[in-house]
Structures are given as structure tokens and as C-alpha cells.
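Protein chains in written order, with the numbering used here: chain Y, 1 to 113; chain E, 1 to 112.
Since the hints were made in silico from the structure, they are not lab data.
Treat each hint with caution, since some may be false.
[Claimed, not checked] Straight-line Cα separation of at most 27 Å, DSSO-like style, residue types lysine-lysine; simulated pairs:
(1) E:79 with E:111
(2) Y:57 with Y:70
(3) E:2 with E:45
(4) Y:53 with Y:70
(5) Y:70 with E:79
(6) Y:57 with E:45
(7) Y:11 with E:2
(8) E:79 with Y:11
(9) E:79 with E:2
(10) Y:57 with E:2
(11) Y:11 with Y:70
(12) E:79 with E:42
(13) E:79 with Y:57
Model, not experiment: these values are computed from the prediction.
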Amino acid sequence: DAGITQSPRHKVTETGTPVTLRCHQTENHRYMYWYRQDPGHGLRLIHYSYGVKDTDKGEVSDGYSVSRSKTEDFLLTLESATSSQTSVYFCAIGRGAASYGYTFGSGTRLTVV
Amino acid sequence: RKEVEQDPGPFNVPEGATVAFNCTYSNSASQSFFWYRQDCRKEPKLLMSVYSSGNEDGRFTAQLNRASQYISLLIRDSKLSDSATYLCVVNEADTNAGKSTFGDGTTLTVKP
């Protein structure tokens with residue numbers, strides 16, 4: 001299952017600093033997604049991409065931006081990290097528009113102090 | 001009310017038991033449905049899709065009831081390795097993102 005990798009796996013950062021998380025896939029899937037998972041909220045969509053340079057907002061996009069300059073890479077940037085962004089971040093890929101299900105990366109545990 | 005609701009459990013069952021989870025959804029326009037399994041501190045993994053006619057994969061059976069707007073997952077002959085959190089996922093029409101909504105998950109513990 002090495003078709004999707006996330007980096008870093010763990011990160012501690014200070015409030016107010018920018019943070020970039022990376023998602024890399026080798027499956028050549030068109031669709032890529034960033035989710036966050038928090039207790040009591042399940043998985044919530046932050047941003048998604050449906051092609052190179054084609055991105056859109058999800059349910060909880062405030063404070064986040066994304067970029068996709070290559071099919072294989074999808075970057076999530078926290079512009080100025082806040083404690084409320086402490087979470088587990090999962091990247092996912094899909095060969096169709098969600099109707100085929102997703103493959104998730106191993107996640108990034110981010111702590112903002 | 002949440003768009004997708006699951007009984008959080010935990011469900012504690014002995015090995016060999018049959019256990020069933022339900023997941024209700026509020027959007028009648030929902031078009032595709034899935035069950036994922038998530039082990040502690042791991043990523044969710046696709047367990048199975050849910051089709052209108054019902055579908056089975058070994059010990060696992062998934063069913064969809066559109067009239068009552070729920071999906072179910074039945075696990076027969078539970079194994080210790082089935083212990084995990086089970087997430088249901090409901091998708092709206094097939095837009096670019098599919099507008100997937102995840103339930104919060106149902107925790108299953110299978111005991112010897």
C-alpha cells in the first residue's frame with residue numbers, strides 16, 4: 001500500500017508559524033483530498049483537487065491553502081498555525097470522484113503549541 | 001442533527017459472535033455508500049462498498065435501505081482482528097469531490 005505517502009508523520013509547531021504538509025501518490029489518480037480528523041467530528045474535508053492546478057474548498061477550509069503543481073503531489077499549507085488546527089491530517093486519493101472510495105495516507109499528527 | 005449518524009458503541013462481543021452496525025443518513029439524494037475500517041492511530045481503509053442489492057465479502061455483509069435511509073454492516077463469526085472502528089461514508093451526487101460525509105464511527109472490541 002505504498003501508493004500514497006504523507007510527510008511529515010509527526011510535527012510540533014508554534015502558533016503563528018506556517019506549516020506545509022505533503023502528500024505524494026504514485027497511482028496517477030486524478031482526485032486528491034485533505035481531511036482532518038478530530039474526536040467528536042469524524043473526518044472533515046479541508047480541500048480537494050480534481051486535477052493539476054484544479055482545487056476547491058471543502059467543509060473546513062478557513063486557515064488552509066493547497067497547491068497541486070503535479071499529478072503526484074498535493075500540498076496543504078496552514079498559513080498561520082493556531083491551536084485549533086491541532087489534529088490528525090489525512091490525505092486521500094481516488095480514481096473517481098469519490099464514488100469508488102478512497103485510499104488514505106498514514107496521516108500526519110500535527111500539534112500546534 | 002448530523003448528516004450521517006452512527007452509534008458510537010463501544011460494541012463488546014465475544015469471538016464468534018455476530019454483530020451488526022447501522023448508519024443513518026439524512027440526505028435522500030445520496031448516491032454511493034461505503035464502510036471503512038480504522039484501527040487505532042491508523043488511517044481508514046476501505047472495507048466495502050454498499051450496493052442497493054446488498055453485497056457480501058466473506059464474513060461481512062453490507063446492506064442499503066434507501067426508503068429508511070440507512071446502511072448496515074453485519075459481521076459474522078467475529079475474530080479478535082475485527083476489533084476496530086467502523087466508519088460509514090455517504091456520498092452525494094457524483095460531483096468533483098463526491099461530497100463525502102463520514103460518520104464518527106462505531107467501535108468494536110472482540111474479546112476472547
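Hint check:
no., hint, in the structure
1, E:79 with E:111, "holds, 8 Å"
2, Y:57 with Y:70, "holds, 19 Å"
3, E:2 with E:45, "holds, 22 Å"
4, Y:53 with Y:70, "holds, 8 Å"
5, Y:70 with E:79, "violated, 42 Å"
6, Y:57 with E:45, "holds, 24 Å"
7, Y:11 with E:2, "violated, 31 Å"
8, E:79 with Y:11, "violated, 35 Å"
9, E:79 with E:2, "violated, 31 Å"
10, Y:57 with E:2, "holds, 20 Å"
11, Y:11 with Y:70, "holds, 24 Å"
12, E:79 with E:42, "holds, 19 Å"
13, E:79 with Y:57, "violated, 40 Å"
In this structure, the hints that do not hold are numbers 5, 7, 8, 9, 13, in rising order.
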